[in-house]
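For the record, the sequence lines run as chains A and B.
Position one of the first sequence corresponds to residue 563 (the numbering used here), numbered consecutively onward.
Position one of the second sequence corresponds to residue 735 (the numbering used here), numbered consecutively onward.
Read the hints as simulated data drawn from the structure, not as lab findings.
Treat the hints loosely; a few may be bogus.
What the hints assert, rightly or not - Straight-line alpha carbon distances no greater than 20 Å define the calculated SDA-like cross-link-like pairs of lysine to any residue that follow:
(1) B:848 - A:888
(2) A:878 - B:754
(3) A:878 - B:850
(4) A:878 - B:849
What the hints assert, rightly or not - Example chain B residues on the side facing chain A (calculated, C-beta under 7 Å, incomplete):
(5) 747
(6) 754
(7) 760
(8) 825
Said to hold, decoys possible - What follows is a set of in silico ranges between Cβ atoms, one per label pair, in the way DEER data are often shown:
(9) A:1034 - B:844: 51 to 59 Å
(10) A:893 - B:821: 35 to 43 Å
(11) A:893 - B:806: 23 to 31 Å
(12) A:949 - B:762: 37 to 45 Å
(13) A:889 - B:774: 28 to 36 Å
(14) B:812 - A:929: 50 to 58 Å
(15) B:774 - A:893: 44 to 52 Å
(16) B:806 - A:1010: 36 to 44 Å
(17) A:853 - B:820: 21 to 29 Å
(18) A:843 - B:820: 36 to 44 Å
(19) A:949 - B:806: 54 to 62 Å
Idealized CB from N, CA, C, for every residue including glycine.
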Amino acid sequence: MRRPGITGKLVFYSLCILVALGMGVTLYSVNQLRDLRYQDTVRRVEAQTLNWIEANSERIILLLEVPSKDKPEEKRQIEYLANLGDLATKEWIAYVILMDSNGQLRAATPIPDGLVYYGPTAEVQGSKSRVMEMVDAKRLHYFELATPVLVSGTGMNPDLGAMFEIPATSRALGEVRIGVDRKQFESHLAVLIRRTIQLSAALVLLAIVASVLFSRRMVKPITLLARVATQIAHGELSTRASHGLELKDEVGDLVRNFNQMADRLESLHTGLEEKVRERTQQLEEANRKLQDLNKLKSDFVSTVSHELRTPLTSIKAFAEILLDARSPNPGTQRRYLEIINKESDRLTRLIAEMLDLTKIESGTLDWQMSCTDLGDIIRQSEELLVPQAKEKGIELEIAELQPHAVMADSDRLQQVVNNLVGNAIKFCPEGGRVQVCMERASTSGPGNAIEGEYVRVVVCDNGPGIPLEEHEKIFERFYQGAKRSSVGAGAGLGLTICRAIISHHQGEIWVDSAPGQGSRFSFTLPRRHLTGAEFLTQQAGR
Amino acid sequence: MSKVVLICDDEPCILESVCHVVREEGYNVITADNGEDALRLARTEFPDLMLLDIMMPGRSGLAVCRELKSSAETSGIPIIFLTAMGQERDAQEGFECGAMEFITKPYSPRALRKRLHELLDQTP
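Go ahead and model the full structure; you've got the sequences and the hints to work with.
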């Protein structure tokens, strides 16, 4: 069942009020109308009666005061009077009775059968007549006006009065009773009442129609607003009320404010959704990174275990071979023991390098930063590696070194230079050449290309060279090149550690090389201007 | 005529130790230090057994094994993986390729000898 809407309620209430009001007004007017009509009728009948009395005074006096009715002419007049002449022919008058002062009936028109007194009716102000209601045998009602016939009131000639010896008193000579047919009166009234009711009904109907139209017009923006509110409540946040925006009343305010509210709600909601989406994305990203990191870690563990197992395998295998040797050959025995020794060193170095790298990457390495001359470091490297170079017949060529101050951990920097020069010696063919030089540079290098004052160290060799696609890979952990050199392969962590150390010093390390054209490893470090005291310390330290 | 064993490993020291063990048992040895050479030698020499490392630069031992097993003339060569990749998942992958045996490094020369005899002296 449809619940009653606001329009229905408004129409229903105004209908009730209008109908009650119409009924009240109609009832009141009908009453007033009846009253007026009654008084009007009474007055008119009375006026007619008085006129008639005046016009027929002589005959009335004769009739009332003269007992004898012998004279033929007089009798005729009385008869004429007894018919009560034209009075009875007047409108609504049903019967006329002429009574003398003793209450004796002297003349009358035909009187309805069984006419008796029924009750009093309203008095009419300013009237000399008594009015009462009569009823006959047929239950027909009559208003009866009893108008006294007065000497003074009849306008009768005083001479005539004297002639008849009528004292000029106010005594009534008799009275004229006029019966007015109530039914006829009522029927006339009914026409008027009907018209009044019709008019009232028509007006009420008109008012109802107007009220319906008006209510609907008033309520429409509210109904539409309610519909929009329902849609918003169901999640259609972009819906807006479009009806009633132009209204300049409270409803207009309501609609406009409602739309503003909906705007804010929507923007808050979309903002929230956006935020949630953003956060979800961030979380997904973080999750992906964690997964990648986890995979990286797992790969790392797997690679480390592989790298540790490799030297261990040689050690274990040769140890067992030596133990089980059926015919020991001193030459072979010594060679296998050397391999075991070498592989043990490799294992030790690998573990040390791994620990180093882990410390650097986790940020737990204790850096001993101080003002250092890079030239010194290269010279120390030279001293350390010259014997190794000589052994392979390699010419180690160090360019003339100018002092270049840098802020660095000198031990770690030494590690970098040793590694680069050591690699160069290792990969050079016998009789090859390794060159080391140092120069100023204005950028950090090809990677970040940060402008500034830098010092660049370059280590060149004329070894086999490195193809372009491996230029970055060689700095990755455990990468040992597609064609692994059989001569004392490292663990594949050396360059990774070099890069970590140089990065910590805000420098860059990279390689320029092509197969067959040797390799050129470079690294840069930010230059540092020496203070006077530092310079003296440097000089003294030499 | 003695059986031929093809050994492939990129680590020269390990290669040398395996060669020593196999030779001591009286088998002929062919060596390769990368996957490509191993594949080429297997197709030309038809060894009676192969000892393959998995993690090598270039073609991996698993790839070599798959290629050999996919060709009718080389699919009959028994293959033993000798690898430092010691996780169960790796072993499973090795067996799925058609390997006969999966030995984890560091290996025991004594155990290897035993397996060699079992595999080579049973086949006619």
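Checked hints:
Under the criterion of a C-alpha separation no larger than 20 Å, the hint pairing residue 848 of chain B with residue 888 of chain A is consistent with the structure, at around 16 Å. Proposed proximity of residue 878 of chain A and residue 754 of chain B is supported: the alpha carbons are some 14 Å apart, at most 20 Å. The suggested pairing of residue 878 of chain A with residue 850 of chain B holds, with an alpha-carbon distance near 19 Å, which does not exceed 20 Å. Among the hinted pairs, residue 878 of chain A with residue 849 of chain B is consistent with the structure: their alpha-carbon atoms are about 18 Å apart, no more than 20 Å.
Proximity of residue 747 of chain B to chain A holds as hinted, the smallest CB-CB distance being about 4 Å (cut-off 7 Å). Given the 7 Å rule on beta carbons, the hint for residue 754 of chain B holds: about 6 Å separates it from the nearest Cβ of chain A. Given the 7 Å rule on beta carbons, the hint for residue 760 of chain B is violated: about 12 Å separates it from the nearest Cβ of chain A. The criterion of a C-beta within 7 Å of any C-beta in chain A is not met by residue 825 of chain B, whose closest approach is roughly 13 Å, and the hint is violated.
At about 44 Å, the CB distance of residue 1034 of chain A to residue 844 of chain B disagrees with the hint of 51 to 59 Å. Here the CB-CB span from residue 893 of chain A to residue 821 of chain B is close to 39 Å, well matched to the stated 35 to 43 Å. One distance hint, 23 to 31 Å for the beta-carbon pair residue 893 of chain A and residue 806 of chain B, is violated here, with the actual separation near 45 Å. In this structure the hint that residue 949 of chain A and residue 762 of chain B lie 37 to 45 Å apart at CB holds, the actual value being about 42 Å.
Look at residue 889 of chain A against residue 774 of chain B: about 35 Å separates their beta carbons, and that is inside 28 to 36 Å. Take residue 812 of chain B and residue 929 of chain A: their Cβ atoms lie about 55 Å apart, and the range 50 to 58 Å holds. A C-beta distance of roughly 33 Å is found between residue 774 of chain B and residue 893 of chain A, which places it outside the suggested range of 44 to 52 Å. Restraint check, residue 806 of chain B to residue 1010 of chain A: a C-beta distance of roughly 56 Å breaks the suggested window 36 to 44 Å.
In this structure the supplied range 21 to 29 Å holds for residue 853 of chain A paired with residue 820 of chain B, their Cβ-Cβ distance being about 24 Å. A C-beta distance of roughly 39 Å is found between residue 843 of chain A and residue 820 of chain B, which places it inside the suggested range of 36 to 44 Å. Evaluation of the 54 to 62 Å hint for residue 949 of chain A and residue 806 of chain B yields a pass: the beta carbon distance comes to about 57 Å.
Of the numbered hints given earlier, the model fails hints 7, 8, 9, 11, 15, 16; all others are met.
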